[in-house]
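Asker: Chain by chain, the residues:
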Amino acid sequence: MNDPRLTKLIDLHLDGALTPEEKVELENLLRGSEAARQQFWRHAGLHHALHEQARVGQESTNPAASKITPFSFPSAAWLRLAAAVAVGLFLGWLLKSPAPQKDLPVVAGSAFVAQVRFADAGLVRDDTRTMPASEVLPVGPLRVGPGVAEIEFFDGARVVVQGPAQLDLLSPAALVLHSGRLSATVPERATGFRVLTPAGEVIDLGTRFGVSVDPAGKVETHVFEGRVDWRGIGGQTARVREREAISVEANRRMQQMAARPDTFPETESVFEALLVNGSFEDGSDVQPLDIPSRPGIWSGDRARVVEATLGITPADGHRMLEFIGTGNDRTPPTQNLTSSEQWQIVDLRKLKQEVVHNEWVAEVSARFNRVRGDERTDTRFSVGLMAFAGDPKDADDAWENRQMEALARVSRSVVTDDDPQTWQAGQCEMTIPREADYLLLHVSAVENMFNDPDHPEFAGHFVDRILFKLRRLPVPALALANNP
Amino acid sequence: MAVQQLFVQQQSALKGFVLSLVPDFADADDVLQEVFVTVTRKAGDFELGSNFNAWARSIARLKVLEHWRRQKNKADALAEDVIESLHASAPEELFSPEQRRALEQCLEKLPASSREIVELRYRREHKPAEIARLKGWGANGVSVALSRARATLRECVERQVKLMEETA
Chain P
1 MNDPRLTKLI DLHLDGALTP EEKVELENLL RGSEAARQQF WRHAGLHHAL
51 HEQARVGQES TNPAASKITP FSFPSAAWLR LAAAVAVGLF LGWLLKSPAP
101 QKDLPVVAGS AFVAQVRFAD AGLVRDDTRT MPASEVLPVG PLRVGPGVAE
151 IEFFDGARVV VQGPAQLDLL SPAALVLHSG RLSATVPERA TGFRVLTPAG
201 EVIDLGTRFG VSVDPAGKVE THVFEGRVDW RGIGGQTARV REREAISVEA
251 NRRMQQMAAR PDTFPETESV FEALLVNGSF EDGSDVQPLD IPSRPGIWSG
301 DRARVVEATL GITPADGHRM LEFIGTGNDR TPPTQNLTSS EQWQIVDLRK
351 LKQEVVHNEW VAEVSARFNR VRGDERTDTR FSVGLMAFAG DPKDADDAWE
401 NRQMEALARV SRSVVTDDDP QTWQAGQCEM TIPREADYLL LHVSAVENMF
451 NDPDHPEFAG HFVDRILFKL RRLPVPALAL ANNP
Chain A
1 MAVQQLFVQQ QSALKGFVLS LVPDFADADD VLQEVFVTVT RKAGDFELGS
51 NFNAWARSIA RLKVLEHWRR QKNKADALAE DVIESLHASA PEELFSPEQR
101 RALEQCLEKL PASSREIVEL RYRREHKPAE IARLKGWGAN GVSVALSRAR
151 ATLRECVERQ VKLMEETA
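Residue numbers (my numbering), protein chains in the order written: chain P, 1 to 484; chain A, 1 to 168.
Chain P with its partners taken away, still in its complex shape:
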């Protein structure tokens, strides 16, 4: 039934080892008879089965290879298509993969897998719905307009995408990048996070990295910290280490180069250690010297750091700040003030030099509490920020002329209840103007019920647990900033 000469020629063809003469001979035999063609297919069937079998054997320790969860697609037709492309790619990889380490990261259609943290570009779902910050995102395609959007996956990875870009969320731990560029920051608990591309997939090994897919299908993977594994659709693999990068062209040629962090967007950065002694725990007292002239100290009106007193326990640690009076020793006796304030300078100058400046957002929160008292007991507190340019040692003058000099101001009032057991929180945030060099942060107790003419003006009013942070919003790739 099998012609031995034909068998040999078919085998040589399947091994890519025919000489030109043998090829002509094989072609003539195949043209000549249906039996020859049937024999060709029988041999080809075994060839393919052996290839598949070898790979199955390779993946026998990995249940994912044989367990592909069917998709349940949302209704939009093109979403089906995009998701199916992802499935197709997945299958390609599984067949190609030397040894996938984790289960196939695919979840059913309607599951929510991530949350928008920031989106200055239009972040569009289902081709119609713009997703603002804090929206939760289900499995499915997303389009990012020109700008950046940051997404936090529920497994912990943070991904900032620079548009224009097309992606598909696959699971809390995987996405497909069809086009565009992204940076991922993957905390240890999310190790194994995957970015799939048309040329292969990037598997995180605990790291920060960038991936780009250009219109010609060239995929670049840059590692900024830690390392990642690359697994190409053509079967080639690579481990990319810190400060290294690889580029895979559409024709699958892989090139190594140095990582270029400036060609990728940066995720949001948070700086939290800028406020000193926010819970008044370090033992130092506050200065009764009006506006401070240097960062890192509390100063302002009459106040003192105390431990639990008057039935009020600190919100944080063992100490808290008690507001005592409006004004201090420097205040002219004739001046009638209605609030007791404390200030601290937050210097931004060093940070502005060291960290890529884009848009900064300052957030402050504070807890307030007071004694029950009577109908004359004041109830109102406030917390706020002002931004100034210049040297912080001139903060006093700047504050005096704040109507003119403040680049931005925010303040939030909090009316406390009469239960000493509970603390009420106040918070506000401010987008910091580019020219700002420092911030003045303030907390205060306000005489809103009765303007006492004498001391003590406050009968038991406290602030504690003042938290301050600066968020540097995601930044587009610096190197691309001038030619988007």
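Do not take every clue at face value.
Said to hold, decoys possible - Derived DSSO-like pairs (lysine-lysine); straight-line CA-CA distance at most 27 Å: (1) A:Lys162 - P:Lys8; (2) A:Lys127 - P:Lys23; (3) A:Lys109 - A:Lys162; (4) P:Lys393 - P:Lys469; (5) P:Lys352 - P:Lys393; (6) A:Lys72 - P:Lys23; (7) A:Lys127 - A:Lys109; (8) A:Lys72 - P:Lys218; (9) A:Lys72 - P:Lys8; (10) A:Lys135 - A:Lys109; (11) P:Lys8 - A:Lys74; (12) A:Lys74 - P:Lys218; (13) P:Lys8 - A:Lys42; (14) P:Lys393 - P:Lys350; (15) P:Lys8 - A:Lys109; (16) P:Lys218 - A:Lys42; (17) A:Lys74 - A:Lys127; (18) P:Lys23 - A:Lys74; (19) P:Lys8 - A:Lys127; (20) P:Lys352 - P:Lys218; (21) P:Lys23 - P:Lys8; (22) A:Lys72 - A:Lys127; (23) P:Lys350 - P:Lys218.
Simulated from the structure, these hints should not be mistaken for laboratory data.
Keeping the supplied structure of chain P fixed, place chain A upon it in accordance with the hints.
Answerer: Okay, now just chain A, sitting in the frame of chain P:
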């Protein structure tokens, strides 16, 4: 059932078809990927209920032809008319599930020397010339060894399938 799901189900058969005409494993994957993209793009043309495999395979045939037209090195390319007639006579199923089960058993029974050569060819995806270099053999020796291993496997699979049919 959506066309994409049909593709996922039929992917193995389509891969077998492509691999027979584009012997390089990686190139075959690329062609299959192109088939997939085209199938999804043309999903609207496909009438549900008709023969998906035949439809997708005709797309695969076009993609194989396009692939070879693009290539400078056509050493492994069969003539277009041969590809067309092979397409016309391709069976619905290249390798049945019974044959696959049998193949598993047969691979285990394969002598160690043959198994090694099969591993190098199919798991490591080495071409015969590379295997020859690795083993220090002549190219012809590798081809002969591969042909022998496949012949052994073909006979074994045939026997096993017959045995399975009889016991069933």
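Asker: Would you mind confirming whether the straight-line C-alpha gap from lysine 393 of chain P to lysine 469 of chain P stays at or under 27 Å?
Answerer: Holds, at about 22 Å.
Asker: CA of lysine 127 of chain A to CA of lysine 109 of chain A, is that 27 Å or under?
Answerer: holds (24 Å)
Asker: Given the hint that lysine 352 of chain P pairs with lysine 218 of chain P, does the C-alpha gap stay at or below 27 Å?
Answerer: violated (35 Å)
Asker: Are lysine 135 of chain A and lysine 109 of chain A close enough, with their CA atoms no more than 27 Å apart?
Answerer: holds (22 Å)
Asker: Straight-line Cα separation of lysine 72 of chain A and lysine 8 of chain P no greater than 27 Å?
Answerer: Distance of about 26 Å is within 27 Å: holds.
Asker: Taken at face value, is the distance from the CA of lysine 127 of chain A to the CA of lysine 72 of chain A at most 27 Å?
Answerer: Holds, at about 19 Å.
Asker: Holds or violated: lysine 109 of chain A and lysine 162 of chain A, Cα atoms, limit 27 Å.
Answerer: holds (17 Å)
Asker: Next pair to validate is lysine 218 of chain P with lysine 42 of chain A; report whether the Cα-Cα distance is within 27 Å.
Answerer: Holds, at roughly 25 Å.
Asker: For the pair supplied as a hint, lysine 8 of chain P and lysine 109 of chain A, confirm whether the alpha-carbon distance does not exceed 27 Å.
Answerer: holds (23 Å)
Asker: Given the proposed pairing of lysine 352 of chain P with lysine 393 of chain P, does the C-alpha separation stay at or below 27 Å?
Answerer: The hint holds at about 18 Å.
Asker: Lysine 72 of chain A and lysine 218 of chain P: Cα distance at most 27 Å?
Answerer: holds (21 Å)
Asker: Given the hint that lysine 8 of chain P pairs with lysine 127 of chain A, test it: the Cα-Cα distance must not exceed 27 Å.
Answerer: Given that 27 Å is the threshold and the Cα spacing comes to 16 Å, the pair holds.
Violated hints, listed in ascending order, are 13, 20 and 23; each of the other numbered hints is respected by the structure.
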